[in-house]
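Respectively, the protein sequence lines represent chains A and B. Everything in the first sequence is counted per my numbering, starting at 1 for the first residue and increasing by one. Everything in the second sequence is counted per my numbering, starting at 1 for the first residue and increasing by one.
Please note that the accuracy of each hint is not assured.
Claimed, not checked - Heads up, simulated DSBU-like pairs for lysine-lysine below, C-alpha to C-alpha not over 35 Å straight-line:
| id | chain 1 | residue 1 | chain 2 | residue 2 |
| --- | --- | --- | --- | --- |
| 1 | B | 32 | A | 291 |
| 2 | B | 198 | B | 33 |
| 3 | A | 263 | B | 248 |
| 4 | B | 211 | A | 144 |
| 5 | A | 144 | B | 248 |
| 6 | B | 33 | B | 196 |
| 7 | B | 32 | A | 144 |
| 8 | B | 32 | A | 213 |
| 9 | B | 248 | A | 322 |
| 10 | A | 291 | A | 322 |
| 11 | A | 263 | A | 322 |
| 12 | A | 324 | B | 248 |
| 13 | B | 33 | A | 213 |
| 14 | B | 153 | B | 198 |
| 15 | A | 263 | B | 166 |
| 16 | A | 213 | A | 324 |
| 17 | B | 166 | A | 213 |
| 18 | A | 263 | A | 291 |
| 19 | B | 248 | A | 213 |
| 20 | B | 33 | A | 144 |
| 21 | B | 196 | B | 32 |
| 22 | A | 322 | A | 213 |
| 23 | A | 291 | B | 248 |
| 24 | B | 33 | A | 291 |
| 25 | B | 153 | B | 190 |
| 26 | B | 203 | A | 144 |
| 27 | B | 203 | B | 33 |
| 28 | B | 32 | B | 198 |
Unchecked claim - Examples of chain A residues lying across from chain B (beta carbon under 10 Å, computed):
| id | residue |
| --- | --- |
| 29 | 104 |
| 30 | 248 |
| 31 | 278 |
Hint data in this document are derived by calculation from the structure and do not stem from the laboratory. For every residue, glycine included, the Cβ atom is placed at its ideal position computed from N, Cα and C.
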Amino acid sequence: MSNILAVVEQRDGAIRGVGREVVSAAAEAAAALGGEAHALILGGTTPGDAGSLGEYGAAAVKTACHDSLSQYAPERYARAVTQVVTEGGYGAVFFAATAQGKDLAPRVAALLDAPLAGDVTAVAVEDGALVFTRPVYAGKAFAKVTSEGGVALASLRPNVFAPQSLGGAGSVQEVSVEASDVATSTVVEFQAAGGDLDVAEASIIVSGGRGMKGPENWHLLEAVRDAIGNDVAALGASRAVVDAGWRSHGEQVGQTGKTVSPKLYMAMAISGAIQHLAGMRTSQTIVAVNKDPDAPIFGVADYGVVGDVFEVLPRLAEEIRKLKAGS
Amino acid sequence: MNITVCLKRTPDTETRIQVAGDGVSIDSAGVKKYIVSPYDEMAVEAALRTREALGSGEVTVLSFGDDAVVEQLRAGLAMGADAGILLRGEVTMDGLATAKVLAAELEGRDDALVLLGVKAADDDQQQVGPMVATLLGRPCVTAVSSFQLEGDKAVCLREVEGGMEKVEVPLPAILTITKGTFDPRFASLKGIMAAKRKPLEQKEAQGAESKLTVRGMALPPARPEGRIVGEGADAVPELVRLLREEAKVL
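Chain A with its partners taken away, still in its complex shape (with noise of 0.2 Å):
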């Protein structure tokens, strides 16, 4: 079995969370094929932490660095990360389905005319071959599929991959790609949103359904999200507030919005429509607060409590804030 490759993002010079999960995934799979797991960085410069991706069990990190990538434009990098397959030999290639991700690697699949596995929950290796487990209907049934022939791609959700640190020391080298000069889209501008941290990429969500009455009142689960801490929690929302207006649809979760898997859910004033919970059922723990007590959402939540957003959410966040403050 050849090896597989890590496709690791970087963002202001060092290396985002999500490659280390990819990298850790890559290795734990080339272990079971027999082969190794590599890490490949693109940009304008080397982070300074890409040695670091050792640790996660990259035999190699390989950066192909050069003015031309120093900004993502999808055909250039994916003609760059094509030429490092082929070059390498690769028998696989793991992305993370960030928005990144999910942009670069179908083109670079079809540049290696071999098929992609997206949004992938679980890597195994069986009869020798990859086997990825991968969400359809937006989380309501999971299919397993496998690569014939050819190099095999997936992209890995973010935070379903644990992150393992091996201690082990991966060397950095630099491969050249070329140039090309193909027509391209061009970043011009970025209008940052509220928070920094994506629904999608977050350890813990608050979502807000729409018995939160109007975008007025998000400061209650805004105060809940600071309480935990917005580098590891983001907030989200249920299809109805964002066909409202409320929020924005990047925060929406369920079917035509995104499907998340984080460590703790919570589900303020969200009634919890079928599509809802096709997108969040798959979270490790999940609380519901709702007024009524026949509510779907109650089918699916580990603790429910039944009861007023508008009283629960204030005391929520204090005692949360009281719980940070002691430990």
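With chain A's structure known, arrange chain B on it following the hints.
Same frame as chain A, now just chain B:
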């Protein structure tokens, strides 16, 4: 300026999914209603608004699938598209196989824009748009929530982690549309009547061989029975204790 929108027939998002007897697919008997995949419907809306703003050009809806897909193409025509094309063949979870079929048709057309939904509501692969673009050698912007045409380029707002990117792309280009500004219109009765007379071409799809095998399909494991911690704000201290000590998530 012509625009082609690729759309997919999928089960309604309200559908309760059951696994079929073969263990590798969905039981279609449990699907009461099929729809135009929601993001594809937004892509149709985006194309119609663009045509209306320009005051010229044609919008074509293109799909790959079996004869039943005619229903979804007619729905696109009823919204206001000018013509439909059905490429007949078996759709699989291998988005690259679908992309090859669509690209083979799109190659011979003169579209300034090809629009698709960011992903389909059934397979959720989120890949066909950028694959089609790569096969055709055209630039592609994914997860576009709104866009404007400015001369020979499109200026798009793209949904990414923590905000929006403003992205410029030269035409001809391929955009995948996400939720944002393109709330689909309802077809009028007049539109539905007119759709019956609009051209809808049908032909066999070329080169749809799947290289992604589905080995199994299963429903998510049932969640363990939960419990009601209590009522109102008084239940919060116990809830927080359970989250810390029992669930170990805080």
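Handout entry: Hints not upheld, ascending by number
Key = The structure conflicts with no hint, since it agrees with every one listed earlier.
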